[in-house]
Amino acid sequence: MTIVKENSPHIRRKATVTRMMVDVLIALAPTLIFSFVIYPIKTLIFYVISLAIMNAAEFVYVGLRNMMPKDDQKHTFKEKFEHSYKGKYGINNFLTASITAVIFTLIMPAGAPIYAVIIGALVGIVFGKLLFGGLGSNIFNPAAVGMVFAKLCFGNQYKVVEPPSWWFTLVSGPDITTGATPLTLVNGGALSDIGRYDLLSMFFGQMPGTLGEVYKITILIGLIYLLVRRSIDYRIVVSYLGTAFILAFVAGLSVFGLNNEVNPFHFTMYQMLSGGLLFGATFMMTDPVTSPINSPSRWIYGIVAGILTMFIRFFAALPEGVGFSILLANMVAVVLDHYEWSNPRYTWKKFVAMGSLIVVAGLATWLLISFGGFYHA
Amino acid sequence: MIAKTTKIHDTKNLVGALPSVKFLNAKYLYIATANARCPKADVFIKEGDHVDTFQVIGMRHGPFFEQPIHATCSGTFVGYEKHYHRNGKLTDFIKIENDFKDTFDKSIILRTPEEIAKLTKEEMTEIIKDCANVGLGGSSFPTYIKFQTDKPIDTVLINGIECEPYITADHRLMLEYPYRIMDGIKYVMQAFNAKRALICIKSKYKDIKAVYTQVLKEYPNSGIELCCVGNYYPQGWEVEMIKKATGIQLNPGELPSNRGIINFNVSTIVGIYKAIKYNMPVIKRMITITGDGINYPKNFRVRVGTPIKDLIPLCGGYKNPDKEKVFILGGPMMGASVPSDDCIITKTVTSIIVFDKVNEPEQPCVRCGSCVMSCPVHLEPVQIMNAVKCADKERIKKLNPLRCIECGLCSYSCTSKIPVTDYVRKAKVFAKL
Ligand code: SF4
Ligand code: SF4
Numbered sequence: 000m001t002i003v004k005e006n007s008p009h010i011r012r013k014a015t016v017t018r019m020m021v022d023v024l025i026a027l028a029p030t031l032i033f034s035f036v037i038y039p040i041k042t043l044i045f046y047v048i049s050l051a052i053m054n055a056a057e058f059v060y061v062g063l064r065n066m067m068p069k070d071d072q073k074h075t076f077k078e079k080f081e082h083s084y085k086g087k088y089g090i091n092n093f094l095t096a097s098i099t100a101v102i103f104t105l106i107m108p109a110g111a112p113i114y115a116v117i118i119g120a121l122v123g124i125v126f127g128k129l130l131f132g133g134l135g136s137n138i139f140n141p142a143a144v145g146m147v148f149a150k151l152c153f154g155n156q157y158k159v160v161e162p163p164s165w166w167f168t169l170v171s172g173p174d175i176t177t178g179a180t181p182l183t184l185v186n187g188g189a190l191s192d193i194g195r196y197d198l199l200s201m202f203f204g205q206m207p208g209t210l211g212e213v214y215k216i217t218i219l220i221g222l223i224y225l226l227v228r229r230s231i232d233y234r235i236v237v238s239y240l241g242t243a244f245i246l247a248f249v250a251g252l253s254v255f256g257l258n259n260e261v262n263p264f265h266f267t268m269y270q271m272l273s274g275g276l277l278f279g280a281t282f283m284m285t286d287p288v289t290s291p292i293n294s295p296s297r298w299i300y301g302i303v304a305g306i307l308t309m310f311i312r313f314f315a316a317l318p319e320g321v322g323f324s325i326l327l328a329n330m331v332a333v334v335l336d337h338y339e340w341s342n343p344r345y346t347w348k349k350f351v352a353m354g355s356l357i358v359v360a361g362l363a364t365w366l367l368i369s370f371g372g373f374y375h376a
Numbered sequence: 000m001i002a003k004t005t006k007i008h009d010t011k012n013l014v015g016a017l018p019s020v021k022f023l024n025a026k027y028l029y030i031a032t033a034n035a036r037c038p039k040a041d042v043f044i045k046e047g048d049h050v051d052t053f054q055v056i057g058m059r060h061g062p063f064f065e066q067p068i069h070a071t072c073s074g075t076f077v078g079y080e081k082h083y084h085r086n087g088k089l090t091d092f093i094k095i096e097n098d099f100k101d102t103f104d105k106s107i108i109l110r111t112p113e114e115i116a117k118l119t120k121e122e123m124t125e126i127i128k129d130c131a132n133v134g135l136g137g138s139s140f141p142t143y144i145k146f147q148t149d150k151p152i153d154t155v156l157i158n159g160i161e162c163e164p165y166i167t168a169d170h171r172l173m174l175e176y177p178y179r180i181m182d183g184i185k186y187v188m189q190a191f192n193a194k195r196a197l198i199c200i201k202s203k204y205k206d207i208k209a210v211y212t213q214v215l216k217e218y219p220n221s222g223i224e225l226c227c228v229g230n231y232y233p234q235g236w237e238v239e240m241i242k243k244a245t246g247i248q249l250n251p252g253e254l255p256s257n258r259g260i261i262n263f264n265v266s267t268i269v270g271i272y273k274a275i276k277y278n279m280p281v282i283k284r285m286i287t288i289t290g291d292g293i294n295y296p297k298n299f300r301v302r303v304g305t306p307i308k309d310l311i312p313l314c315g316g317y318k319n320p321d322k323e324k325v326f327i328l329g330g331p332m333m334g335a336s337v338p339s340d341d342c343i344i345t346k347t348v349t350s351i352i353v354f355d356k357v358n359e360p361e362q363p364c365v366r367c368g369s370c371v372m373s374c375p376v377h378l379e380p381v382q383i384m385n386a387v388k389c390a391d392k393e394r395i396k397k398l399n400p401l402r403c404i405e406c407g408l409c410s411y412s413c414t415s416k417i418p419v420t421d422y423v424r425k426a427k428v429f430a431k432l
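Each protein sequence line maps, in turn, to chains A and B. At position 184 of the first sequence (counting the first as 1) the number is 183 in numbering that gives the first Met the number 0, and the numbers step up by one without a gap. At position 141 of the second sequence (counting the first as 1) the number is 140 in numbering that gives the first Met the number 0, and the numbers step up by one without a gap.
Pulled out of the complex, with its shape left as it was, chain A reads as follows:
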């Protein structure tokens, strides 16, 4: 019997990164299936393309990174291959690339051209992740990088694709023939159109939009699964959605007042259920790699991202702020983690900071909207 030495502690808990990543994939599955049912061909094409590109990029990257150093001996290809990959490419490399691929597929609009998907996937994985050093080292959420890049470059070539009509009639939804997503309505169109989508059909995703972001019901199932399994940090979800809720309510109050046919509560729920808010909160904000390391910072991170999202929605020339605000918040996360002030204790200062962030943002929303800052033509 051989006895080996090791440093304490000598036991480890069971939870692993692999388990966390598999959990995320499981949580994404209902949404992916739903999107496949509604847009079978689009989903399949987008998904296969991004899965292939992202895994290939990860594979090539691992190979390049662990390349055999040049020496005088001749090595067979097999030797070189083993040197690069043996023990270095594991299940986790596959899982992380696949998660990014699924998320990227689901946040691409159904009307995006295929070359936009290809380029977006490539840019997302290479510039969003691999250049930083692969799993665990990236600053930005790779899926968001890809989506935003594709949108900025090819956004004008996106077509509006309607979900099939059987889907609209399935849950006695309204008869919609417009080509606008609900957010373009708020943002570009007339606000009174807001009544056109009732909240229930938004909840089930009976509206045009991206492949996966619209099915709130399946996203919620995934969210609950992840929270129960503790594979994501509830702090981020709560603070992000909470801030968005407060700001939407303030905006609703100042746009509609209390005695209007569209009440502010309706407007708030409308904001919460439209766009990628819920999807982003569940699958993109909570990516541990790009969120801050300690609990108070995570609250602040969620609050900042929530404010950014709502401000972009209300005041910028973009209908959808989730992707952008997540990228911006990722940068804030880096700042929050700076060793000079990062500290896992909750202090009064931090509570004051969180409170005043929300209050100031709320006030700003109210003032800007009252003075006509709300971006609608």
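I should point out that these hints are in silico values taken from the structure, not numbers from a laboratory. One thing to keep in mind: the hints can contain errors.
[What the hints assert, rightly or not] For the chain A half of the interface with chain B, some residues (derived, Cβ under 8 Å), not all of them:
no., residue
1, Lys4
2, Ala14
3, Thr15
4, Val16
5, Lys79
6, Leu134
7, Val288
[What the hints assert, rightly or not] What the simulated footprint calls covered on chain B by chain A, stretch by stretch (three residues with Cβ under 8 Å from a Cβ of chain A suffice, anywhere in the stretch; the number is not a length):
no., segment
8, 373-380
9, 394-407
Just so you know, these numbers come straight off a predicted model, no measurement behind them. All C-beta atoms, glycine included, are put in the ideal place defined by N, C-alpha and C.
Put chain B with the ligands on the given structure of chain A with help from the hints.
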């Protein structure tokens, strides 16, 4: 899982219910000449000399104190032999051949209750110093130094929490010798003139609670109470224990005596009891032998100096002897692993744990934050790790690694199976430069 780790996978209930096996007569007993706190020693006896149990046979020299060495059985001194000490070093041990007569040294007396009642704190300190009592929970800090505090003490805390998983030595001690513990507490309270003593145990141990609710009835108005605290790890760390039991939050680095508190481990208390009552140094202790590399985990009461090799066969030997094993003296979270099973039980060995070696591949850190949430002293182990990787001294210092108590929770909770605690240890070295 992104969450604070508090519960540790445990097998305590496997051995906690087993009574301790008395194994008091090893053929040879080995007494260390040096230990972690005392690197040098003088030995007063020659080869072939006869020794009595409890006889002073040498003196260890530490940096600021001296510690007599006592024989733990009667017999003949047959020479020196090298074995592994708890600290993982090969150390010279005094080898005594047991004559199984157990004749006591003449310094052993029986103090009557009246005599004990007259003892002052200074006299007790002297007795404890001569008996070489140390913290038996694993710290091996000399007890008499704790006794020398001149701060007023009003609360004595007895640490029976034993928060490390797998170990049940203190658990068995509390169940089997409650009266020794109670009398020991009374002596300590008398020494410090303390009004109150709290016996802290985990609230899940119903069996200990049952025993002490009965026993406490025989000590009315003594000020001794049972205090059930949390079940988590590291509840047994003095700062957490004091906070839970008394509500006082110590500042980092503050001594408990500053706040009128003094704390002892239960086995230390039994040691104090023996010293005050009979002048006896600690020559026996409870240990647990457990782990998935052992066939039948058991608790033992053994003489200090017993070689562990004598005990393993009593546990049915090793399970799967063809597998690589890790051999740990102490708990699985903070205990030291030794390179061989050729080691000796010293006063501070609480348990022997034999695990099959697991080699879990290390994954890149995904910044999940579990280590940060779990750290009981509110450090950020992952940031410390990153700073160590860049050898950035400024950053390491700012992150305060010296406050780390090496509880091991950061490595335990890491989802990527990174040995984070090792990096924090490195950071401590850096920070001291
Ligand atoms: S070993 Fe040190 S750094 Fe790690 S959790 Fe324990 S106290 Fe914190
Ligand atoms: S070191 Fe481990 S526990 Fe700490 S953040 Fe990284 S992966 Fe999580």
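Does Val288/A pass the interface check with chain B, least Cβ-Cβ distance below 8 Å?
With a minimum Cβ separation of about 5 Å from chain B (threshold 8 Å), the hint on Val288/A holds.
With a cut-off of 8 Å on the beta carbons, see whether Ala14/A makes it to chain B.
Status holds, d = 4 Å.
Regarding the hint that Leu134/A lies at the interface with chain B, is the smallest CB-CB distance below 8 Å?
The hint holds - Leu134/A has a Cβ within 8 Å of chain B, the shortest such distance being about 5 Å.
Closer than 8 Å between Cβ atoms is the bar; does Lys4/A clear it against chain B? Give me holds or violated.
Result: holds, 5 Å to nearest chain B Cβ.
The segment 394-407 of chain B covered by chain A? Criterion: 3 or more residues, Cβ-Cβ distance below 8 Å.
Per the Cβ count (5), the hint holds.
Would the hint on Thr15/A stand, with a C-beta cut-off of 8 Å toward chain B?
6 Å, holds
Just to be careful: measuring from the Cβ of Val16/A to every Cβ in chain B, is the smallest value less than 8 Å?
5 Å, holds
Was the hint right that Lys79/A lines chain B, CB cutoff 8 Å?
Violated. Min distance 22 Å.
Can you tell me if the segment 373-380 of chain B counts as covered by chain A, using C-beta to C-beta distances under 8 Å and a minimum of three residues?
holds (count 4)
Of the numbered hints listed earlier, the single one contradicted by the structure is hint 5.
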